[in-house]
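2 protein chains.
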Amino acid sequence: MAPGDHGRERRGYHHGNLRAALLEAARALIAEKGPMGFTIAEAARLAGVSPSAPYRHFRDRDALIVDVAREGFTRFAEALEAAWEAPSLGPLKALDRVGSAYLAFARDEPAYFSAMFESGVPVGADPELKRAADRAFHVLVRACEALRPLAPEGRRPPALMMATHIWALSHGVASLFGRGDGGRRSSPLSAEEVLESAVGIYLQGLGIIPA
Amino acid sequence: MAPGDHGRERRGYHHGNLRAALLEAARALIAEKGPMGFTIAEAARLAGVSPSAPYRHFRDRDALIVDVAREGFTRFAEALEAAWEAPSLGPLKALDRVGSAYLAFARDEPAYFSAMFESGVPVGADPELKRAADRAFHVLVRACEALRPLAPEGRRPPALMMATHIWALSHGVASLFGRGDGGRRSSPLSAEEVLESAVGIYLQGLGIIPA
Chain A
1 MAPGDHGRER RGYHHGNLRA ALLEAARALI AEKGPMGFTI AEAARLAGVS
51 PSAPYRHFRD RDALIVDVAR EGFTRFAEAL EAAWEAPSLG PLKALDRVGS
101 AYLAFARDEP AYFSAMFESG VPVGADPELK RAADRAFHVL VRACEALRPL
151 APEGRRPPAL MMATHIWALS HGVASLFGRG DGGRRSSPLS AEEVLESAVG
201 IYLQGLGIIP A
Chain B
1 MAPGDHGRER RGYHHGNLRA ALLEAARALI AEKGPMGFTI AEAARLAGVS
51 PSAPYRHFRD RDALIVDVAR EGFTRFAEAL EAAWEAPSLG PLKALDRVGS
101 AYLAFARDEP AYFSAMFESG VPVGADPELK RAADRAFHVL VRACEALRPL
151 APEGRRPPAL MMATHIWALS HGVASLFGRG DGGRRSSPLS AEEVLESAVG
201 IYLQGLGIIP A
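Top to bottom, those sequences are chains A and B. So that you can map any letter, position 129 of the first sequence is 129 in my numbering, and since no number is skipped, the others follow by simple counting. So that you can map any letter, position 173 of the second sequence is 173 in my numbering, and since no number is skipped, the others follow by simple counting.
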């Protein structure tokens, strides 16, 4: 595109920058108003572009949220993978690290966390979003595949089911006790302590660690 | 107040009705835009009253959200109590019923659920809100007090800790797999099955049910 046409906005965004600027504006608006609480026009205003500019990249507001959520799940997956792939820790310690990484992400990235889990946008709505979310979940599946052989035979639920349980537990602890807003609920235990003790009892239930 | 003064609005709300109408408008706006996504003026407009009318009952938007959350926690506590108090079921079956009631509430009352858990308003911000939330949590504490003696001595964590674990698990399952928006995440198991199987393994870990 030639300079001066619709490829440039008053702040001089070129194609890639405009997209990034809109995603950044959306994250700021999610932090302030929640993932359902703003229009695509507000995101354009905050990014300093015309109201029609977002439509070069995003069909509508939900498409913008989907991209924030996808970016969030990609970073989340990277954080969980880095926690899991600590060499030579053994699966129990590595699982602890994955749990801590889950909580740290919820605490440090409240806007991504909202877009990923509280936006009302179904993960199945977009194949790339689904792929990013599956990549994050897959870290837990791998962890459970490594833990499963430690359970006595006949007490080994499918790794997918174990991963679903541990995901739900991590997610509940993060949502209730470990949010970026400084703890909306008080507990005598830290979020890390709640999660670690609960996972410990769960793994006892499978015979993976002794009671 | 005499008719015609500020005690009446153009739809003729008297004091109590105005408050109820604003709470209803807030719930509708939460369902549409999330608990952080609207102004008190929008709630007034939806209720058909002047922009200043809400200030007779609510200091600001957050105070309105606090009241929706408090009302939500009161109904939630009633639902959990009704599930727990089924006579003569025994604590294990009664706990299952409490878990199902948790999931049913999240599914049937998405606006309350958002106001209670995703609004960013700290539960400690208001004594009545805290009381209502504590009342709901207390159902789980009572359930765990009843279950605890079934564990072998020396394997009995405090009931408060058990209740925190089971709450986090229920909340995680409800948030991830059991929302009113028709399941934003797919799982081969229903939310009820995920929760029941996870709680079962947890209770095995405490020796409350046999492995």
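Please keep in mind that the hints were generated in silico from the structure rather than gathered at the bench. Take the hints with a grain of salt, since some may be wrong.
Restricting the straight-line Cα-Cα distance to at most 30 angstroms, the calculated cross-link-like pairs of lysine-lysine (DSS-like) are [stated by the list, open to error]: (1) A/Lys33 to B/Lys33; (2) A/Lys93 to A/Lys130; (3) B/Lys33 to B/Lys130; (4) B/Lys93 to A/Lys130; (5) B/Lys93 to B/Lys130; (6) B/Lys130 to A/Lys33; (7) A/Lys33 to A/Lys93.
Hints that the structure is at odds with (numbers, increasing): Hints 4, 7 not satisfied by this model.
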